[in-house]
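Going down the list, the protein sequences come from chains A and B.
Numbered according to our numbering, the first sequence spans residues 1 to 176.
Numbered according to our numbering, the second sequence spans residues 177 to 661.
I should point out that these hints are in silico values taken from the structure, not numbers from a laboratory.
Ideal Cβ positions, reconstructed from N, Cα and C, are used throughout, including at glycine.
Please note that a few of the clues may not be correct.
[Said to hold, decoys possible] Pairs of lysine-lysine, DSBU-like flavour, derived with a Cα cap of 30 Å: (1) Lys313/B with Lys409/B; (2) Lys593/B with Lys378/B; (3) Lys176/A with Lys313/B; (4) Lys176/A with Lys593/B; (5) Lys593/B with Lys609/B; (6) Lys409/B with Lys427/B; (7) Lys427/B with Lys176/A; (8) Lys378/B with Lys578/B; (9) Lys593/B with Lys313/B.
[Said to hold, decoys possible] Covered stretches of chain A, as calculated for chain B (at least 3 residues, CB under 8 Å): (10) 28-36; (11) 124-138.
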Amino acid sequence: MLFASILILMPSSCMEEQDFDQFDDLSITPTLASGIFYLESDEETINSYGGFGTFYSQTMNFDAFNETYVAERLLEGVIIYEIENTTSKRLDISIEFLDESGNPLYMEGFTVEANLSEPVTREVAYGPGGLSLSILANTSSLRVTGRNLGDATSTSSHPEPKISLSSAAEFIFRLK
Amino acid sequence: MRGLLITILVATFGIYSTHAQNRQLLYDFNEIPQALMLNPGMKTSQRWHVGVPVISGLFFQASTSGVTVNDLFADDGVDFTTKVQERVLDVMTRRDDFSSTSQIEGFNIGFRGRNRPDDYYSFGMYGEMDIISYWPKDLALLAFEGNGGSNIGRSFDLGDLKLRGEMVNVFHFGINRKVNNTWTIGARAKLYSSIFQFQSIKNSGSFTTVQGQDNIYRSTIVADMQLQTSGVKGFYDIIDEDTGTTRKDLKRLFTERVLLGGSLGLGFDAGFTHQLNPQTTVTGSILDVGFIYNSNDVWNYTLEGTASTEGITVFLPEDIDDVDNDLWQDLVDEIDEALPHGENQSGYISFRPIKAYGSIRYDFGEGGRNWSENCGCAINTGGGVNSDFYRNSVGGQLYMIKRPRGIQAALTGFYQKRVGRGLSLKTTYTIDKYSLTNIGLGLNLQAGPVNFYVLGDNLLGYGNIADSHYASLQFGFNIISWNDN
């Protein structure tokens with residue numbers, strides 16, 4: 001009886017219709033996060049460059065987004081900036097996004113008051129509803145500039161007075 | 177990218193794989209000579225047997241403990257990405273695996289010793305391919321979700337990558353001896369000729385992104401990973417060259433490796449059968465206790481080191497004189513240096529997946545078969561008792577196999593019915609990590625000296641084979657001469 005039942009089951013072997021073309025519809029869009037740039041300077045260094053002038057300016061290559069593989073897959077995302085200033089100076093920090101020829105594509109500027117009690121945070125969106133992704137895709141280098149908008153003599157009462165700029169990116173990529 | 181993804185999917189969902197290589201239908205199916213390959217200490221009755229070359233033993237098995245083909249590719253109108261998310265990413269664990277085993281016997285010959293009729297000698301050659309890949313859960317999540325968003329702070333385990341595969345040709349010689357009326361023991365020596373082997377089974381490490389000490393995020397990777405391959409590059413190079421003689425070159429290399437021209441190894445099987453009383457028998461065996469020393473065409477790929485980054489960092493006044501424009505490239509180079517990936521050609525040892533069987537069988541229902549006909553009475557009778565005499569057997573079997581993530585086990589209950597002199601049927605119910613509804617059926621037909629058998633597993637899964645977690649089929653032809661006493 002048992003064998004007979006099994007034998008009856010065997011001929012019913014079949015396979016429901018499968019649609020392997022569905023694989024083409026697979027969407028893989030991870031969110032990738034990474035620190036980008038961090039600048040820190042103590043007040044003494046700022047003072048040493050004098051008042052009302054530039055205490056730091058540096059152009060550095062930055063190919064994170066313009067690699068073909070990355071540029072083609074960028075969908076949207078944000079660059080997060082965070083600035084802390086415990087010095088006694090009002091400061092100006094700018095980040096310029098430059099193309100391969102050194103031409104500015106976009107500039108993110110911050111003017112921060114002296115002795116900030118809370119960090120200043122800014123999230124800049126790229127992609128739909130935000131800035132053009134082409135800015136990032138064409139960025140080959142960054143020019144970071146720090147200017148002292150105050151004098152060169154004052155000192156903060158903070159035990160370790162300093163200015164710091166943090167930045168990170170969180171972007172959605174289309175891997176598939 | 178598409179090619180890579182398809183390769184991964186084929187490797188996981190397409191090939192599925194060697195579940196456990198469990199051959200519960202064949203085990204202790206004494207009428208089939210190939211059962212001797214699962215227990216060299218099986219009770220043998222025949223005078224000699226010769227497997228019909230190439231078709232004496234064909235065995236195919238595929239299994240998945242997680243998602244099935246139907247789960248993903250059924251034409252059900254559900255968005256494919258949603259199906260992958262809900263049926264793969266959300267539910268599968270790093271212990272889920274896809275596996276596949278196939279075995280083809282080149283030849284299999286057995287004969288009883290002329291001077292020692294209690295000894296049954298057997299030898300032969302078979303090819304076997306065995307692949308197992310565990311679901312790389314954390315790596316898949318990293319690919320699908322990324323390290324950002326809610327995954328900040330999460331540690332992705334690089335040790336989730338665990339896979340092993342090989343194709344091997346096996347030359348074997350076994351001795352089966354009836355010690356007395358209640359004990360039969362046996363052993364088989366094996367010489368392995370590897371065609372290819374790859375394994376990535378000792379990976380460890382992690383990838384994490386957390387709040388940085390200075391910058392907003394710090395990403396850290398700690399990796400100790402290795403992919404060992406032997407015999408793979410030779411085939412790859414031939415295909416990659418794509419000359420007019422590709423097929424011929426592949427055939428030549430394959431033949432060379434089959435015939436001991438590649439990496440070699442040694443192993444053995446052992447087993448016993450013990451009759452507790454006239455109707456109750458216990459058996460046990462251990463198979464493929466062996467290794468292959470992979471020394472031929474070896475290419476290993478390694479990634480080892482620790483790297484941590486918060487991006488480009490500038491500290492003033494320390495870095496005031498650093499006017500290097502290449503800070504980004506320096507950072508990339510620094511990570512690359514901290515996390516060296518290399519190749520080497522060091523030989524390595526790979527162990528064969530050890531398997532063990534055990535069973536207890538109760539025979540009942542006297543059939544009245546004349547012992548002088550096809551029963552091996554000269555060898556396997558004693559005290560007026562011969563289990564071949566009984567029409568029915570019922571019992572249980574235990575199967576275990578050593579896998580990269582530990583031992584997998586399966587428990588089987590079986591019932592065997594002998595109909596007349598030439599027909600035996602065996603049905604099994606097996607539970608393991610792949611299925612709780614695995615019912616199998618085996619048939620052995622003896623027409624004169626010609627023996628044919630076919631064994632099919634998980635028959636309930638045949639209702640929709642694409643939705644089955646497990647499927648296996650084995651069949652073969654032999655010529656058998658029975659003891660004529």
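Which of the numbered hints above does this structure break?
-> Of the numbered hints given earlier, those the structure breaks are 2, 4, 7, 9 and 11, listed in rising order.
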